[in-house]
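Visitor: Residue numbers (this note's numbering), protein chains in the order written: chain A, 1 to 408; chain B, 1 to 312.
Rather than coming from a laboratory, the hints here were simulated on the basis of the structure.
For clarity, every value in this text was computed on a predicted model and none was experimentally measured.
Cβ atoms here follow ideal geometry from the backbone N, Cα and C, with glycine treated the same way.
This list has only true hints and no planted wrong ones.
Derived DEER-like restraints, expressed as beta-carbon distance ranges:
1. A:Asp-12 x B:Leu-265: 26 to 36 Å
2. A:Gly-67 x B:Ala-202: 22 to 32 Å
3. B:Ala-202 x A:Ala-137: 35 to 45 Å
4. A:Pro-348 x B:Ala-65: 47 to 57 Å
5. B:Arg-7 x A:Gly-67: 50 to 60 Å
6. A:Ala-353 x B:Arg-142: 46 to 56 Å
Non-contacting residues of chain B with respect to chain A, defined by C-beta distances greater than 10 Å in every case (computed):
7. Ala-4
8. Gly-37
9. Asp-42
10. Ala-55
11. Gly-62
12. Arg-68
13. Gly-110
14. Asp-117
15. Ser-144
16. Gly-152
17. Thr-155
18. Asp-179
19. Pro-210
In case you want the letters, here they are:
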Amino acid sequence: VNEHLATGSWPDLVTAALVGTDRGAGSGPDGLLDSAARLTVARRVGRLPATAIPPDPCEENPRPVTGPAASDRIAAMVAGHRSVLIAEWLTAADARGRRPPDHLLPALLDLAAGTPRLRPLLARHPRVRWLARLNPAWDLPEFADPSDDTPWRLGTRTQRRAWLAAVRETDPARARQLLADPALSAAERAAFLPVLAARLSPADEEYLEAALDDRAAPVRAAAADLLTRLQGSGYQTRMTSRARHLLREQGGRLVVTPPEPAPRDAITGTPRQRVIELVARTPPAAWGAPPREADYGEWEPELLAGWVRAAATFGDQDWTLALTAHLLRARRAGRPSEQLHALLDAAPVPWPAELTELVLTDGAPAGIIAMAAHRGDPAFGDVPPRDDDPEPLRILRFRCDMLKELDD
Amino acid sequence: MDRAQQRAERVASGLGELSQWLADQVRGGLAAAASAGYPHWDAIAARMVDAQCPAIAERLRGLAAAPREGPGWEGRLVEELAMLHLLAAAYRKGDELPEQLRASVRQRIGFTTRQADVIAGCDRPVTDTWLVLGWRDTQHERISSRRIWLRGAGTGQLALVLSFAAAGQTLDDSFPPGDHVPATLARYPGALPLRAAVAARAEPEPAPAPQGTTIAKLLTGWASALAKDPWQESWPVVLTDVTPALMPVPSLADQAGDALPLHPLADHWPLLAASGGRPVTVAAEYTPRGLWPMTAWAGSAAPVPLQPRGPR
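The shape of chain B in the complex, shown without the other chains (with noise of 0.2 Å):
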């Protein structure tokens, strides 16, 4: 039995446990096991690292604070396990789902692909002068990662490139906000080919304002990228003249009237502040939680990164 058939065996008798324990929660209600603590995720989680299904791991040690992370709790961890189960579900399936849906399956389980072997294997990488729409950088246990997010000046399309860091390792910077760089980019195979590998690139070069789009545009697009990968939870937007607001909660608000709240969890601050209570153009990530704000742009003035605030 060679490796990859030894992993797939392990992967789908780790998927079956973690439908089992998924029924066994909702059977003995979610309440109980948002109260049972970190033992009782880290067990389950810990099974899904020997089952070799690392980035469900990862997401079921983060549902253990579910309960603390502000109302709405309770509907959110069961969008949580819901997903997980079709998750599970969908690798079953196998050669039923297409290729690059099965893809997509198997990259939120955890399999990875090696960066040489994406851009060695690619046979389409595209060649553009690449707007850096923003940064939005998170901390699992010891790793930090950057989703850096790029779209096309010429083609349009929109990329994700990951950079990670462990403690005391620095992230990749070399994409500023608001910049052009030309660069070849590779694609990871998925439904929603998004994720791409740096193939070849240029330094970077100032780029003025971009081109957006309104909230209603915003929330079509969305819908169109979820049809096709229904675990997709961020998705890059450049909305133009929006106008921050406070109330009822911190929200981006554009001309036609239309307006969607920031994602909690992120500082609102530096960006009513630069927009003064005017219109602004804002690249964010939108996500099922909100809108997370990576660049504005005010006027005439230079792209402000909107990086968290206080010490780093």
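Just chain A, same shape as in the assembly (with noise of 0.2 Å):
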């Protein structure tokens, strides 16, 4: 019987052969090997249970997982194939009422951590803030949940605004409340303003007209740029009626004649500034159809520098197109194309299908057509594969395969 098996500490066992038999009293190399070999294998046949204790389970998620082919294809994504069109597909099926595989979840967390905008398609899904509680990676403060307080009691001013966020999605009117305490200085009121952009609506006028009159500056402009996009707000019905005596034609040429100031709706600044301000606050289609080519005069620069402001701020799609036109002739005259860049960034994806036409057909810079081809309509890539489709081709027909699995 070998004195291993007979102590039949296996702990002691293996100090012996981290020491060296050299070192220890007991048997020579060969017994102790045979001992623990006899006792590796009796260690293994004789393992028995342990405990563990499972997390809380988390709440069911109504939505049903997309079907099998979507769903291979974002398994495909998040592991690296077109991962940059992930954010498409996930608000393609929140559309649809659609939610991703449940056990893809962690590798969009992955990506999440580094993706900001990702972040808020993945916090509707219970399963993604019941997993950032479990994993300290992923608990972002996106993944908050609006019914604990903690993070706005306690938190960073960066973790307030993202629990203050996930409250105006499930609650708007507290989180306009909670914006209302006089406790918050003015940087907080400043950064957390803006959160009310989620929901938006006429309950909030009230609350945004008195902060137009607020101490800080910065507070006064985040509630500006607000009201500008409240559709029937008192402030829109201000600045069209301002806007009407901007602008008049007079033999064939525009003539601007500037605002007066009026700090208190942000129109402020140079003459040429007020211009810019004004054209930017008011609704495109107060100024009726978009205007001719030729037909800008000399306040081109500040009549473009309001009109792509205010194509992105209300989504006006008749302007995109038309500015888009006018924006890609004036490149071909050598014009610089920070502004198409800036229009077409904030043009709402997918594009309709005739600005996708004139940017693929007009001759656009290739960051352009791959703007195009990422943020297009995606029926221009529903047309047979060849073996030479150029690339923006190939992303647009992925695109186009990938909602049509949607639906599915």
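These two chains come separately, so use the hints to put the complex back together.
Guide: What follows is the structure in structure tokens.
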């Protein structure tokens, strides 16, 4: 009978092997290895079950999982294939009332840790918030639980803002009431007010009008930006009536009369700055149809700067299309294309067919073509594949197939 | 002297050297060996390649990294060396060992059998509809390998099909986890003859969630597998109604309250996410270091293949 088996102590045997049999009393190396082999098998055979404490289960998600083809595609995307389009997949699945396969959420959360724009798309799934509470690497402010106000009471400014955004999604009025807390500093009010951009409604108008008189300039500016976007607000009416006096056509040319300063409504600065602000904050429909080219006159830089901002703020498709056509022509005439980039960057995805066609066919630079491939109308990818298809067409086809699968 | 005899002699002398080397490690202390780094292990591994014991060489090369593989590495290193010591001793016994166990020993030393010979020489092939329990992929040097675990729907037999790929090649993905594949399998010889070659097969088809067992029964099955082949290190199982847990370590807990840890190198998050904290059916590979989950069935949903996450 071997002495190591007799004592039955695996830790002693491991220690003896680590320090070496030359230094210990007891059997020689072969005896020790014999005992270790027997004990190894005995320990494996005699393995006893342990105990473990599972976490509290996650609430059920009533949304069904996407179909097999769509699920396979998102699995390939999180594995690195065209992963830049994951945001569009998540948005499209959400619009169809579907959710991504649960087992892919850890990979999506890994991506979201480095890609903030994915977080709001994931935050609406209860299982994401449940996982975020179990893994510190995923415990991002966006996944906070709106029913637990700990981040609001004890968190950093970033955590408080993210929690307020979560509250705004579930209970818009409560978020507004929390903002009215007189204990908030001016810097906090300015940081938190833009949270109201989500689920903005006429119920917010009274509060925002009052914020136009706030002591702090950044709060006033944030309130003006929100009122600009609030459909049918008194602010929009004031802008539209100011706009009526801005432009006049005289002898085939546009004559511009800059508005008077109106600091409460964020119309400030030099006459040129006031023109930009007024145009940028007026719903484009107030001007009627987009003006034809060559009519812009000496105020063209200000009018264009304002219209580009307005087209983005109001998501106006007609104006985006007209301005894109104008800026593509201007670019061919040698002018820089920053405004074109800014305009298209703000256009909602997917772009309408006319805009996609214009950009794809009108000699746009490669960077803008790449934007059209990733954001344009995916129906342009609905053509039979060929070996020599250029990359933008392959991207459009990938998106076209991706969206079709989500409808299955 | 024919080739087989020549190899037998090389292996015998190589294993003699291995036994001596193992004894030297234990005599001088494994702490010294563990800190000696790769050249120390590569040298004996290269000797085993020369002695035509490639499977042993691969294990030895893997041991150089042992001290960096987390808590408890000392015990695992002792286990590894002790089981190699036992393997060398078993080979020396030669004809004293039962024929099937001798085949298992030869396989672990690195004697290979050609797949065609296995199929041609198999007198009792098994035809069944095989449930694909799942895959486990590993990477050694530049060779990827995939273990595809199967369970016969009619016979209940377990089988293992291996796929290998060099850099740039792809592994066999024609056995989708959770599917049924009608096939005829020919077993490789061995005391615990799990490994099989595919003699004939049909296309995969979707299958319902499988019947499984409990952790207590898994451990009984594992013990009887080890009784046949003490070197066995992976054992396939389907566990019914197990809940993933994180505390005290990532584990699976069954309805009886028994739990087993997951393998520390397995990614437990996809399984936890698929379960939502509720009981699921899990096909796993049981190993001495814990369960390696391969496939999960949650509710009535399709089987979930639990491949490593992130870019592949």
